[in-house]
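Sequences and hints are given; from them, build the entire structure.
The listed protein sequences correspond, in order, to chains A and B. Add 190 to a position in the first sequence, counting from 1, and you land on the number used in the numbering used here. Add 8 to a position in the second sequence, counting from 1, and you land on the number used in the numbering used here.
Using C-beta positions, here's what the derived DEER-type ranges look like:
{"#": "1", "chain 1": "B", "residue 1": "S76", "chain 2": "A", "residue 2": "A199", "range": "41 to 51 Å"}
{"#": "2", "chain 1": "A", "residue 1": "T264", "chain 2": "B", "residue 2": "G23", "range": "48 to 58 Å"}
{"#": "3", "chain 1": "B", "residue 1": "A83", "chain 2": "A", "residue 2": "G198", "range": "34 to 44 Å"}
{"#": "4", "chain 1": "A", "residue 1": "V195", "chain 2": "B", "residue 2": "P49", "range": "18 to 28 Å"}
One side only, chain A facing chain B, incomplete, derived with CB under 10 Å:
{"#": "5", "residue": "Q233"}
{"#": "6", "residue": "R234"}
{"#": "7", "residue": "E236"}
{"#": "8", "residue": "G239"}
{"#": "9", "residue": "K249"}
{"#": "10", "residue": "V283"}
{"#": "11", "residue": "W304"}
Note that these hints are calculated values from the structure, not bench results. All residues carry an ideal CB built from backbone N, CA and C; glycine is no exception.
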Amino acid sequence: QVQLVQSGAEVKKPGASVKVSCKASGYTFASYTLHWVRQAPGQRLEWMGWINVGDGSTKYSQRFQGRVIITRGTSASTAYLEVSSLRSEDTAVYYCARPQYCSGSSCSNWFDAWGQGTLVTVSS
Amino acid sequence: QSVLTQPPSASGTPGQRVTISCSGSSSNIGGNSVSWYQQLPGTAPKLLIYSNNQRPSGVPDRFSGSKSGTSASLAISGLQSEDETTYYCATWDDSLTGLVFGGGTKLTVL
Numbered sequence: 191q192v193q194l195v196q197s198g199a200e201v202k203k204p205g206a207s208v209k210v211s212c213k214a215s216g217y218t219f220a221s222y223t224l225h226w227v228r229q230a231p232g233q234r235l236e237w238m239g240w241i242n243v244g245d246g247s248t249k250y251s252q253r254f255q256g257r258v259i260i261t262r263g264t265s266a267s268t269a270y271l272e273v274s275s276l277r278s279e280d281t282a283v284y285y286c287a288r289p290q291y292c293s294g295s296s297c298s299n300w301f302d303a304w305g306q307g308t309l310v311t312v313s314s
Numbered sequence: 009q010s011v012l013t014q015p016p017s018a019s020g021t022p023g024q025r026v027t028i029s030c031s032g033s034s035s036n037i038g039g040n041s042v043s044w045y046q047q048l049p050g051t052a053p054k055l056l057i058y059s060n061n062q063r064p065s066g067v068p069d070r071f072s073g074s075k076s077g078t079s080a081s082l083a084i085s086g087l088q089s090e091d092e093t094t095y096y097c098a099t100w101d102d103s104l105t106g107l108v109f110g111g112g113t114k115l116t117v118l
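Below, the structure is given as structure tokens:
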């Protein structure tokens, strides 16, 4: 079955960067985009962006443009989210998620598979 | 403030039918499909409804979705205690060129 397994919790100081990984299994990795969604404590879900794993192209939320980079690994079916210039407001659980379907370059905007989440705490 | 507006809370008694609304605009709900997620505390969201009114396999038919104009709704019939959690709507926004989520509705089963 489809599985997304994320890296463990991180504690970072303000101004630092963090890189979270998401390892996929149970499907053809290159055939789907992979999205990142975050959730600050007690807050709503917030979409950050996606990567087309097949060709490496990316699309970011305007809110995070310039501060977030989504990449794919060269092997091992893994995608990465890097957030730079961290501030306390970036304390959140970060999720990777896979669309329910992708057909060529067209993918659904809803997700039927999610990682377990990675808590990133930003604190001095 | 969320682009999609949901009531922060809703409630019902066991067996009752409850509806959760999601209000948007022409740039999001008005022109795109709506999905709904159920999120239990400390866990990742679970897809409940996609394409406005479609249920993934394994989701009970007690859950249904609808859309009209720039609003969407999630209905839960035959309310059960395990339905007590938070629900989010989501859709694509053409102006923001990104996916947007509602603020979430916490459902209480009295």
